[in-house]
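Engineer: Each chain is listed here by its residues.
2 protein chains.
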Amino acid sequence: MDFNQSYRSFVLALAQNQRIKHLVLTRGRKFARRFIAGDTLEEALQVVEALERDRIHAILDLLGEMVTSEAQARQFQREIIRLVQALGERPYPRYVALKLTQLGLDISEDLAFSLMEEILSEARQHDCFVRMDMEDSPRVDATLRMYRRLREAGFDNTGVVLQSYLKRTEQDLQALIPLKAPVRIVKGAYKEPPEVAFQDKRLVDAQFVLLCKKAMENGLYTAIASHDPQIIQEMKRWTAQMGIGPDRFEFQLLYGVRRDEQKKLAAEGYTVRAYVPYGTDWYPYFSRRIAERPENLLFVARSLIQG
Amino acid sequence: MDFNQSYRSFVLALAQNQRIKHLVLTRGRKFARRFIAGDTLEEALQVVEALERDRIHAILDLLGEMVTSEAQARQFQREIIRLVQALGERPYPRYVALKLTQLGLDISEDLAFSLMEEILSEARQHDCFVRMDMEDSPRVDATLRMYRRLREAGFDNTGVVLQSYLKRTEQDLQALIPLKAPVRIVKGAYKEPPEVAFQDKRLVDAQFVLLCKKAMENGLYTAIASHDPQIIQEMKRWTAQMGIGPDRFEFQLLYGVRRDEQKKLAAEGYTVRAYVPYGTDWYPYFSRRIAERPENLLFVARSLIQG
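Same order as they appear, the protein sequences are chains S and H.
Numbering-wise, full-length UniProt numbering puts 291 at position 291 of the first sequence, and it's gapless, one number per residue.
Numbering-wise, full-length UniProt numbering puts 143 at position 143 of the second sequence, and it's gapless, one number per residue.
Keep in mind the hints are simulated off the structure, nothing from the lab.
Heads up, a few of these hints could be off.
Identical copies go unnamed one by one, so any copy, or any two together, can satisfy a pair.
As the list claims (entries may be wrong) - Quick list of in silico lysine to any residue cross-link-like pairs, SDA-like style, CA-CA up to 20 Å: (1) K264 - V47; (2) K264 - A153; (3) K30 - A15; (4) K264 - R55; (5) K21 - R202; (6) K30 - Q46; (7) K21 - R55; (8) K263 - S121; (9) K167 - W238; (10) K201 - P91; (11) K263 - Q125; (12) K201 - N4.
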């Protein structure tokens with residue numbers, strides 16, 4: 001296990017601790033605002049306006065995951081539909097992200113499917129794309145099944161995410177090629193055991209590059225979702241070398257991370273989307289952001305001390 | 001430029017220094033024997049016997065490169081033919097490697113071509129494969145041209161090497177797919193400028209993995225030539241996952257490097273070939289081996305001091 005891997009395990013384990021959670025929730029708000037647009041949809045829409053001025057588009061994500069009751073799932077779904085409608089009133093590209101466990105995937109796949117159908121019908125009317133984020137490895141099969149089911153039901157305004165740290169992912173990509181599925185490629189941010197995920201960061205990086213190239217070569221519209229400067233550089237070089245135009249891929253980065261790089265890429269003519277989370281349920285998202293970058297922990301520590 | 005890159009530049013520049021060269025040639029012999037089978041063909045054949053006892057096959061390489069006269073080229077060619085004939089008398093798999101600049105590529109491509117034709121004719125009679133090593137980037141085009149020309153002349157007992165540090169290499173591989181060319185994939189060991197080669201080791205690794213997978217997926221018989229334990233592990237995992245049998249690839253390592261790993265792979269049923277250099281012209285080969293692994297420099301230093 002290399003440093004990055006043990007660091008991630010450590011932070012994600014720490015995040016489960018109730019006292020830590022309480023401390024972060026009461027005192028970490030200020031810092032959380034670095035990554036999170038605000039508590040409300042209205043605050044999030046202000047962030048969208050600001051990003052659009054820099055030619056960066058937004059992926060709006062109402063924070064929430066792993067619900068344990070149907071009522072919670074339905075509540076989140078109503079909020080997401082409100083989000084889609086609000087975006088529909090604005091002239092910018094419309095794009096939201098959600099998690100299937102936010103819509104009750106763990107309770108029932110049929111429940112999540114029916115809630116997704118309604119969201120996608122509404123989204124289609126507003127020309128809005130809906131990305132289903134990928135969660136931890138036990139939920140990958142269910143998420144991919146959901147995507148196929150939605151496609152069979154006639155929805156093509158949705159897509160999935162592939163995580164390069166999972167050993168299975170190249171085969172998952174292979175299976176998506178005949179569907180011409182739009183994909184987002186990420187490295188992955190959950191704690192996963194060595195049986196299912198590469199523990200050597202170099203192999204995660206290598207598979208990230210391979211998946212992006214393979215997806216684009218096979219004509220899938222590809223969201224390259226990494227902040228890694230060398231990888232972004234390589235994708236720019238490779239697409240140019242292979243004659244793959246900027247209409248066939250885009251860069252996705254997180255709100256609050258490498259803002260200057262985001263502006264620069266947009267100014268160079270690439271499509272750039274920033275993932276903009278909002279809402280009050282920010283703790284798990286926040287923990288994964290800390291877990292994936294040691295530097296972030298220092299900011300948190302300082303912020304907690306200063307209150 | 002990362003550490004590995006600057007270290008390599010430093011060592012390869014140092015190796016040009018005449019006093020260093022003199023010192024190494026007079027006092028470094030003992031150390032050089034770690035990587036080099038001996039001065040003579042007979043010594044090399046003894047190494048082959050020893051390797052075969054561990055089920056490791058040999059790639060015999062008569063050291064020599066960058067000749068500046070036709071006479072030298074012809075001399076090397078006679079020696080290589082003698083090598084092929086000697087192998088022909090033995091029951092082991094027959095496999096040699098050579099460099100085109102050893103056969104006068106820099107003097108005339110036609111000269112090198114005619115010398116190669118004779119070598120391949122002889123090799124064909126003895127069921128011997130002849131790998132053309134890849135040299136530095138200015139010679140890549142000529143080497144690939146030579147391969148095509150030899151194939152057009154009816155020789156299929158030869159193949160080329162692709163270096164993952166070169167940015168062009170994925171396209172070179174693409175062009176070799178229709179020819180079903182047997183390839184060896186390496187990272188690359190020359191000093192190359194950022195215009196042509198990745199300077200970030202992670203991208204070299206990523207492209208190495210990608211090239212191996214792409215070659216095998218497309219049915220090219222692939223020699224995976226790396227000592228990197230994580231990469232070897234990943235290739236074993238991936239080929240099993242993809243149902244690519246051990247008849248479609250092999251591992252190649254250098255004589256004297258990770259001997260236990262070589263035995264282990266062979267015992268597991270993989271084809272393993274060790275690259276066995278011999279001859280008196282060992283200085284450039286030796287310099288590249290030092291340049292690619294900082295640990296090796298310490299051995300040399302100790303060996304020079306102890307005489």
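Engineer: Would you mind marking each hint as holding or not holding in the structure?
Structural biologist: Hint-by-hint comparison with the structure:
For a Cα distance limit of 20 Å, the shortest separation of K264 from V47 inside one copy, 18 Å, qualifies, whereas the shortest one across copies, 57 Å, does not. Taking the closest pair of Cα atoms, K264 and A153 never come within 20 Å of each other, the shortest separation being 39 Å inside a single copy and 52 Å across copies. Taking the shortest alpha-carbon separations for K30 and A15, only the intra-copy value of 18 Å comes in at or below 20 Å, while the best inter-copy value is 56 Å. Taking the shortest alpha-carbon separations for K264 and R55, only the intra-copy value of 10 Å comes in at or below 20 Å, while the best inter-copy value is 55 Å.
When the C-alpha separation of K21 and R202 is checked against a cutoff of 20 Å, the pair qualifies neither within a copy, at 32 Å, nor between copies, at 36 Å. In this homomeric assembly, K30 and Q46 come within 20 Å of each other (Cα to Cα) only inside a single copy, at 18 Å, whereas the closest approach across copies is 71 Å. For the identical chains of this complex, K21 and R55 are neighbours neither inside a copy (36 Å) nor across copies (57 Å), given an alpha-carbon limit of 20 Å. In the homo-oligomer, the alpha carbons of K263 and S121 never lie at most 20 Å apart, since the shortest distance is 33 Å inside one protomer and 60 Å across protomers.
Within a single copy, K167 and W238 get their C-alpha atoms only as close as 24 Å, which misses the 20 Å cut-off; across copies the closest is 9 Å, which meets it. Within a single copy, K201 and P91 get their C-alpha atoms no closer than 40 Å, and across copies no closer than 43 Å, so neither meets the 20 Å cut-off. Neither within a single protomer nor between protomers do K263 and Q125 lie at most 20 Å apart by alpha-carbon distance, with minima of 30 Å and 63 Å respectively. Taking the closest pair of Cα atoms, K201 and N4 come within 20 Å of each other both inside a single copy (7 Å) and across two copies (17 Å).
When held up to the earlier numbered hints, the structure conflicts with 2, 5, 7, 8, 10 and 11 and fits the remainder.
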